[in-house]
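Here the protein sequences come in this chain order: A and B. Each residue of the first sequence is one higher than the last, beginning at 339 in our numbering. Each residue of the second sequence is one higher than the last, beginning at 3 in our numbering.
Incorrect hints may appear among the rest.
[Stated by the list, open to error] Listed below are the simulated EDC-like cross-link pairs for lysine to aspartate or glutamate, each with C-alpha atoms no more than 20 Å apart in a straight line:
no., chain 1, residue 1, chain 2, residue 2
1, A, Lys757, A, Glu725
2, B, Lys244, A, Glu725
3, B, Lys447, A, Asp423
[As the list claims (entries may be wrong)] Stretch-level coverage of chain B by chain A, calculated; a stretch enters the list once three of its residues show a Cβ under 8 Å from a Cβ in chain A:
no., region
4, 19-26
5, 45-55
6, 81-92
7, 163-175
8, 320-334
9, 372-379
10, 459-473
Source of the hints: derived by calculation from the structure; they are not laboratory data. Ideal Cβ placement from N, Cα and C applies to all residues, glycine included.
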Amino acid sequence: MLDRTPPAPKADDRIAGGAHTPRIHDSAARHVGGTAIYIDDMAEPAGLLHVCLGLSARAHARLVSVDLAPVRSAEGVVAVFTAADVPGVNEISSSHRDDEPMLAEDTVSYLGQPIFAVAALTRAAARHAARRAIIAYEDLEPVLTFRQARADGNLVWPPMTLTRGDSDAVLAQAPGIVRGRMAIGGQEHFYLEGQIALAVPGEDDEVTVYTSTQHPSEAQALVAKVLGTVNSAVTAEVRRMGGGFGGKESQSNLFACVAALVAKKTGRAAKIRPDRDDDMVITGKRHDFEVDYLVGHDAEGRILAVDMQLAARCGWAADLSGPVTDRALFHADNCYHYPAVHLTSRPYRTNTQSNTAFRGFGGPQGMVAAERVIEEVAYACGLDPLEVRKRNFYGTETDNVTPYHQTISDNCIRDLVAKLEVDCGYAARRAALHAANEASPVIKRGIALTPVKFGISFTSTAYNQAGALVHIYNDGSVGLNHGGTEMGQGLYVKVAQVVAEEFQIDADRVRITATTTGKVPNTSATAASSGADLNGMAARAAAQTLKGRLVAFAAEAWSVEPETVLFLPNRVRVGNQEIPWADLIHKAYLARIPLSATGFYKTPTIHWDRDAGRGHPFYYFAYGAACVQAAVDTLTGEYRIERADILHDCGRSLNPAVDKGQIEGGFIQGLGWLTTEELWWDGTGALRTHAPSTYKIPACGDRPRIFNVALYANENREETIYRSKAVGEPPLMLGIAGLHALSDAVASVAGHRHCPRLDAPATPERVLDAVDRMRALADAPPAQP
Amino acid sequence: MRHAIRFLLGPDARTIETCDPTLTVLDWLRGSERLTGTKEGCNEGDCGACTVVVVRPEGPPGAERLRYRTVDACITFLGMLDGCQLLTVEHLRRADGTLHPVQRLMVAEHGSQCGFCTPGFVMSLFALTKDRPAATGEVWTSASPIDDALAGNLCRCTGYAPIVRAAERALAAPEADAFDAAHDDTLARLLALRDDETVAVSGPKGRFLAPATIQGVVDLMAEHPDATLVAGATDVALWVTKGLRVLDPVLWLGRVPMLRVVGEAADHLYLGAGVSLAEAGLHLSRLHPDLGELFRRHGAAQTRNAGTLGGNIANGSPIGDAAPALIALGARLHLIGRGTEREIPLEDFFLAYGRQDLRPGEFVGGVRVPKLGPDALFRAYKISKRFDEDISAVLGAFRVTLAGGTIREARIAYGGMAGTPGRAARAEAALVGRPLDAAVVPAFKAALAQDFTPLTDMRATAGYRLRVAGNLIERLIHEAAPRAPETRLASVGALAHA
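Pulled out of the complex, with its shape left as it was, chain A reads as follows (with noise of 0.2 Å):
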């Protein structure tokens, strides 16, 4: 029962856990006692099968013979499927593009690819039958190098153009050109939690799927399709996730289904909890990417022209690669105006993993591009990049038309940048450590300071839509639900923050409840940076709807007009008199209000038309800067990443604790993707980082020992949740600000005359490879004036 007194009036009068204060997460108390629950912590139904996958060997190859009687026979072994005893469809594009079998069926198109499951009592007992299958392959030629992709010339997406101006001429014309290559590679999501489904068979047709996603009502959909059902047969549900940063977008969705069409075939609940190996090898990635750039600048380093083509390796399927590459395009820009303007896309089908979402979903990839665009143009010119930047910075009433043709209207890099680099002593600094460098043969520093500004919105204008459902329960206690998925970036508290904000009520008086396809439907991904946008603002829907209803009822019961009730905090004014919440909602239950709402919510302004490279895809951007310090040993190339100064802008932010947690985080993991963490693929397409032993994300040492991290107050132009701004991507480029102080340490070496072209990720080896390249130019006479 909750406390039907009113609370002792506080001194600031105020609801715990409102709008903008920084309340801990939901779940912090359950996270640091392990009692939080996730799939696999969740009690096991009687009888429960466990899943194990059959993987193929072979990169690409015809299945000529698959013997899975080894695989029967094993002990604990209940029963195996293949993807002829699909009774639906066998295809789980969650693009729609029709190229990606859940179960591989006469060809393997990537080495890890899913071409049975297993189904035994146990999971040792599962994994252990998996590797008994006799398969029998027809190897055929793999497209695993982008040399192999670009000779193939297999695209899993029509490619995207976007043009502005005639770059061609002014190319032809500019005083200054620079052309190059670079290489930026993937990266491993990483998710702490593996993927991970539970499946409960229904009656008839029925499932319900307890599944690690991003994206329940996708997980629905396709468990519905493979199933041969419809969507109203299946439930999606999700408390949290143990992360996801993009990997359990789509990626999921394999499992989800593997263990309902387990669970439906058997009659059995059914668990499917790859091995982290496995679900290495089996998922996709961040995809890498080659970016072939020709830059036209003048003397003093503004750019005049830019002609990139952005190609990717984007795995044996589709998935999201469209829209990945596309959202590359338009980052390609970052904060700089190009008076003319050619990118293309080139989405390369390679026999690898099916690259993916990736928090930035592109736009990191691009915005890389078009910094080594302006590194080029600094060393070009004698420049300090910083001063090519702020010469490029797009303006506020001109030069403010992107390469998609949106006039950006929200524009505040220029001050950002400008408060931040006086705020880390950035020029006094740069000029100590280049000094410090002519006396330090072996170890270099630099320093770099880079912006970001990131487009917000999904730019499949569909997805621009949210639902939420709120209940009050008699007792006052209120019951939220929303779309949204909780991946541990704090969606679920922020959008319960909003509902107490709108019902002037303490925010544990909100209940948060477990995302599923059966409270909210047809929902969108929780991805684009754009949960809290779209459900804080659904939710509020909801609230207001009540509050509505609410206002009415006392407005009759109590007889004033309606304009006299007020919410206050834990209370609501009816007049000249305070009722406690509870007891206002005891009275409105007794005569007969209805207390649960639906909301919805809908991004207005955004369109997007593809062909023809036009429109207004982003409702606002998100902006902001880092400014990195590095120091690399020029005899290995190992390096530290030893300062980072921050500032960045998430609008009048909704949860100023939350936020900064995602700024730090995304910062590190941003960091990690251009540094350590490398994919290596074998020769025959074996990815060989298959886990945290190969493959190394930032660990605790790594982070930079000073660490400074601001939000900068901006209130968003845009109507969004309360004018905060969408946090979850943007600052995953702040990390680029790593990559640039790693070059210019680099650079040191040869007096910063020569632009260091330090490809990504920038591990030890590619770092001394850079280092090692400078020596050879330092020794080299000058080229030229």
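Go by the hints and put chain B onto chain A.
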């Protein structure tokens, strides 16, 4: 013979009479006990989501104190808990739900986001607070104890900053907890579990044997020539969790006190094979700070607490970090067999990739490590993609003896450059008789290319390995100079060099 494993699970005494030899503590906790706070992240001891704390009495007889050591539950076999107390995240909260101080601080500092790694971090922070010098009477040799305690816990959400803030607060204002209050009682209960019996339990998949004496090991090896010897299991467990191998029987060496002896003479240290990597690092750091630094970066706290010096050598890995450094020091390996004992130069132990000079029935008893003479210059350099908890791409160790400005003797060993760790004979020869200065670099590098033909793999290309291995002589020369420039980035705190 005792046919049961006995330990404390939190406050509760447990006796396990039936269990498979390679059942992991993680699977037992999550499966049999339904204690699901401990998470599986990688199943190979690299992410730390399954970090638990193992409590054992340590110290001289009569003056034992409880020591709290983190281990990865995913690569610890249940039988290895014999005689200890196991603490999981569930044990930290008080019965009334009150959070432990480290849990409270993690909440206050917003130290969790997705929360999946959090129980592991909480356990590492808990162990860190118990490992404070004020609590143990030992000194921290590391300049970055928080980073070192947390290097084996990966977090993908927070960027670590708030977790470190929680750790700093926990160390700045330590609070006594229920474990401190129960110290003497727990100590007495654990001491009462000690005996000299051979432990033998079995399950459907095989037998777990744990003798308590050297002779017991010898006899059981004779009786079970196919037994798999396990010390810390940080390597062998992966044969099971990743390779899905069935091991029967498992012969665990962790109950043999004689294998954990540490002896010191005027000119050498003797370290028993069962000395943990953590403890070995403490002892070896007294020979040279680079050895402390090398062991600080050897795996992470969890694997250093479980893994042993003998295991790191006996497994014959070409990239094990201990061997090259010990070879450069001139260490000798002590091998024990049935009625035999012998000592061989450590480098002679490694015959070829996957093959060591171990006779049937023989096992590694310990390592004899010579101390450095006053005219010896020693350095050990570990090169890896990531500084902490990473396997070396190249490890180079140098012991150079100088006489009258020239190099009289050079012992140089590398890991990661061949199928075994080994000496760089030609490169050593290129140095002898010459001054240690830049002039020797070209000859050294040319000779090194004759000594080794490294491989390309996911950690580095052959070219990088060779280039870096060669460049390390330049680092050595810089560091040997009277006014040495800055040469290292791996350690944040300054390393004091002799």
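Each hint tested on the structure:
no., hint, verdict
1, A/Lys757 / A/Glu725, "holds, 15 Å"
2, B/Lys244 / A/Glu725, "violated, 52 Å"
3, B/Lys447 / A/Asp423, "violated, 61 Å"
4, 19-26, "violated (count 0)"
5, 45-55, "holds (count 5)"
6, 81-92, "holds (count 3)"
7, 163-175, "holds (count 4)"
8, 320-334, "violated (count 0)"
9, 372-379, "violated (count 0)"
10, 459-473, "holds (count 9)"
The structure is inconsistent with the numbered hints 2, 3, 4, 8 and 9, although it conforms to all the rest.
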